[in-house]
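In our numbering, the protein residues as written are 230 to 774.
Please keep in mind that the hints were generated in silico from the structure rather than gathered at the bench. Computed from a predicted structure; not experimentally measured. Be aware that one or more of the hints could be misleading.
[Unchecked claim] In silico DSBU-like links for lysine-lysine, alpha-carbon gap of 35 Å or less:
id : residue 1 : residue 2
1  : Lys559    : Lys359
2  : Lys559    : Lys531
3  : Lys722    : Lys559
4  : Lys595    : Lys559
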Amino acid sequence: MVFSGCTHLTLDDLAATCGLIARGGFVVMPGRGRPGYGHDGTPDADGWSLMKQLGLASYDRRVSRAARTLLDSQGFDGGWGLTLSSVSSIVNTSEVLAILRAAGIGGQPVRDALRYLAGAIEEHCRPRQKGGRGENTRFVCFGLTGLLHYPEFVTQPEVAQTAAWCVDWLSTHQIEQGWPEVAGIDDVSLHQTALAVLALARLRDAAAVLGPGLELPGGIDTTRLTSRIAPLIGHGLAGLLYHRRTSGAWGWRTYVDTAPSPSKTALCAMAVAAATGHTIGRTPADDSPLEVGGASDGIELKRPSQIIGEAGQWLLRHHPRWETFVEDDKDVQGTAWEHMAYALGVRGVLLAGGSPYDQRLARAWKLMDGLWDAEGGLWMEPGASGRRPTIRAAYYTVCAYEAARIRVAQLTMAGHDAAAAAGPLTTGHAEFREVSLIADGCQILVSTTEESVACTVSGRLFDLAVLLHRAPHGLTTQAIGRALGVAPSSIPKYVQRLNAAITDGLGGAPIRLITACQTTHGSGYALAACAHGRSTQPAPPRTGQ
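Using the sequences and the accompanying hints, generate a full structural model.
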């Protein structure tokens, strides 16, 4: 098939071009080529083994069942609402398209949904007094994202013209540092700015696949479209980075001293990744340093890979704050908005290169596995009023499992087994600011770039820290053994225990108080703070041990 000018693809064209299988009015995409599958489209042995460890073995079956449930409840207008009986909305229709894509569904149901989005976006964005649902930025962002879940259709007139309209709307309604929740409000929203960047990056990537100079319906070509998108992505990215905190997280709101938000940290990290060409577990295409901070902290330069990695580290360190929770967002107007933090947090960690086998993700995986409603054929969301099946819960869960599928494939192809893959996130590391040794109570006070904590350890482990504190260049294993009165072969065990105690005290942060080193007399160990931070309050020698 030769593409020249604007090419309109029929269902049969799409099936032939993309290797799809037409079945009963919709199209099913075979598993062939997907992680965990062989060339014949069936799961291979290694794929099943890895998938079972994460609950992914049941995921394929469940996402297919969820797709059937959703197809059975598609509205007459082609859309879906929050629940299977709700009135159609742009947000939920976009979410369903992501689920159908993951399940390998195409064809008439998808075309109907795209047609609904193409007609609803402009209509819903009218002021309420003019028959719309309000000039909400989320309608444009979710709508544009939904259209691009199936980029094969981007050259279709309705899709292409609506996508261009969305770019116009976002260009017209941008404010300083991003976009507001609702047009006309001069208060930037981290949520909507992240969604805008994510949607625009999808459109940029779709245009790049089509190549430069391809004329689209409506009189715009891919080159001019890309030139309009790029500055908008840059605008949103700069705004998000301006409000990033030194901890690596983002807050609930801009310019307000609020607690950091796991959901918005994950969303903003995803937007940074999309803007810079970063994919799950991979370095961004452009990893040039960017200005970060300014709203509440000083400005510094960081590479996108560092920004994404530090967000993932923050999410891992603070996993108890999100692993089983839903976050309310009072900023979203006109609806009771809730972020599925338990799934967004997992996505943020995996995006940063974290392992799906990390034990700090175990409770989130267990929750998502338990939220499956076998009778209803959909995932539920947790809540104070009880669990209920929703499209929102299904969407966030599917996205988390799709990210896990990618990471499992990457780890498998890299030759990592489950035990090795369960290690800490390695895309970056926290650094010690100060280490204080307090003999009374055998306490080690540790301050990193993120937090401070007091760790109480055993007398033997405390003696090890004191000994290495007094030897800033490190000691050999034999010298440590003689000083502590233990066999040199036991020293690695004590080092491991002390590092584990500090890691546990810091909520699982991938950081080591004692590191291996090479001394003038041979290999040994040194206190990391001697090289990377300050070690204060040296303890007096302990006796009677």
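Verification of the supplied hints:
1. Lys559 x Lys359: 25 Å, holds
2. Lys559 x Lys531: Holds, at roughly 31 Å.
3. Lys722 x Lys559: 49 Å, violated
4. Lys595 x Lys559: Holds. Lys595 to Lys559 sits at ~28 Å (cutoff 35 Å).
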